[in-house]
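These protein sequences, in sequence, are chains E and Y.
Letter by letter, the first sequence follows residues 1 to 116 in our numbering.
Letter by letter, the second sequence follows residues 117 to 232 in our numbering.
Simulated from the structure, these hints should not be mistaken for laboratory data.
These figures come from a predicted structure and were not determined experimentally.
One should not assume that every hint holds.
[Claimed, not checked] Below, computed lysine-lysine pairings styled on DSS-like, alpha-carbon distance capped at 27 Å:
1. Lys57/E with Lys224/Y
2. Lys9/E with Lys70/E
3. Lys142/Y with Lys57/E
4. Lys83/E with Lys224/Y
5. Lys186/Y with Lys9/E
6. Lys186/Y with Lys142/Y
[To be verified] A short list of chain E residues far from chain Y (calculated; beta carbon distances all over 12 Å):
7. Gln6
8. Ser22
9. Ala31
10. Gln37
11. Asp38
12. Gln41
13. Gln56
14. Gly63
15. Ser65
16. Lys70
17. Ala81
18. Thr106
19. Arg112
[What the hints assert, rightly or not] Looking from chain E toward chain Y, a few residues come up when the C-beta cut is under 10 Å (computed):
20. Ile4
21. Pro8
22. Leu11
23. Phe12
24. Lys14
25. Gly16
26. Gly40
27. Asp59
28. Pro75
29. Cys91
30. Leu105
31. Phe107
32. Leu113
Glycine included, C-beta positions come from ideal geometry on N, C-alpha and C.
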Amino acid sequence: DGGITQSPKYLFRKEGQNVTLSCEQNLNHDAMYWYRQDPGQGLRLIYYSQIVNDFQKGDIAEGYSVSREKKESFPLTVTSAQKNPTAFYLCASSIVGGLSGANVLTFGAGSRLTVL
Amino acid sequence: SQQGEEDPQALSIQEGENATMNCSYKTSINNLQWYRQNSGRGLVHLILIRSNEREKHSGRLRVTLDTSKKSSSLLITASRAVDTASYFCATALPMYSGGGADGLTFGKGTHLIIQP
Chain E
1 DGGITQSPKY
11 LFRKEGQNVT
21 LSCEQNLNHD
31 AMYWYRQDPG
41 QGLRLIYYSQ
51 IVNDFQKGDI
61 AEGYSVSREK
71 KESFPLTVTS
81 AQKNPTAFYL
91 CASSIVGGLS
101 GANVLTFGAG
111 SRLTVL
Chain Y
117 SQQGEEDPQA
127 LSIQEGENAT
137 MNCSYKTSIN
147 NLQWYRQNSG
157 RGLVHLILIR
167 SNEREKHSGR
177 LRVTLDTSKK
187 SSSLLITASR
197 AVDTASYFCA
207 TALPMYSGGG
217 ADGLTFGKGT
227 HLIIQP
């Protein structure tokens, strides 16, 4: 089955530690995204990548870093510089371009990070 | 900044009734999409409507778009308990027509509860 796998599902971190959230897709999608969701809030874009070895900052990139060394993988590192890292993190992917220009996103199940 | 804003924030109806959610946005769009999120899970794409379309149907879902008022509505007919979820509208900016992948902008969502 094609889809997006995020791991771990739950993660606890002490203040001052960096953590890396994994995101793998086997949909052969070119674009991948990381969103952050806080309780009762919508999704805010952290980073996105259209092709391998290229990525752009979203609306709230400060305190986060990403890499895109393979088409299938787009890991997100939450650094100690992120002031309020406790949140639900969602990875998504999509086809880039095409005649429609529409970007329908396929989401993973999410990773919930709690800073103790 | 939020592009889409859903209304109401929460909605509780009896099973079998119709549920209507509204979304307003601020700038011109290429398309508008609706997603569903069950508690603690990733989002699932429901339906997409392009800026040159006024209405679309998919099963029990009906979406309308009024670009002059910068608003959209999602109607779920004959609601069922499984429809209990949060519903988000997401907008794609006109730059997408060139095949860009800047990520969708999401609203804060409408939390729908279907009472048995």
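To see whether the hints hold, each was checked on the structure:
no.	hint	in the structure
1	Lys57/E with Lys224/Y	holds, 21 Å
2	Lys9/E with Lys70/E	holds, 22 Å
3	Lys142/Y with Lys57/E	holds, 22 Å
4	Lys83/E with Lys224/Y	holds, 22 Å
5	Lys186/Y with Lys9/E	violated, 37 Å
6	Lys186/Y with Lys142/Y	holds, 7 Å
7	Gln6	violated, 8 Å
8	Ser22	holds, 14 Å
9	Ala31	violated, 4 Å
10	Gln37	violated, 9 Å
11	Asp38	violated, 10 Å
12	Gln41	violated, 6 Å
13	Gln56	violated, 8 Å
14	Gly63	holds, 18 Å
15	Ser65	holds, 17 Å
16	Lys70	holds, 17 Å
17	Ala81	holds, 22 Å
18	Thr106	violated, 7 Å
19	Arg112	violated, 8 Å
20	Ile4	holds, 8 Å
21	Pro8	violated, 14 Å
22	Leu11	violated, 14 Å
23	Phe12	violated, 16 Å
24	Lys14	violated, 23 Å
25	Gly16	violated, 27 Å
26	Gly40	holds, 7 Å
27	Asp59	holds, 8 Å
28	Pro75	violated, 17 Å
29	Cys91	holds, 8 Å
30	Leu105	holds, 6 Å
31	Phe107	holds, 4 Å
32	Leu113	violated, 13 Å
Against the hints set out earlier in the document, violations occur for numbers 5, 7, 9, 10, 11, 12, 13, 18, 19, 21, 22, 23, 24, 25, 28, 32.
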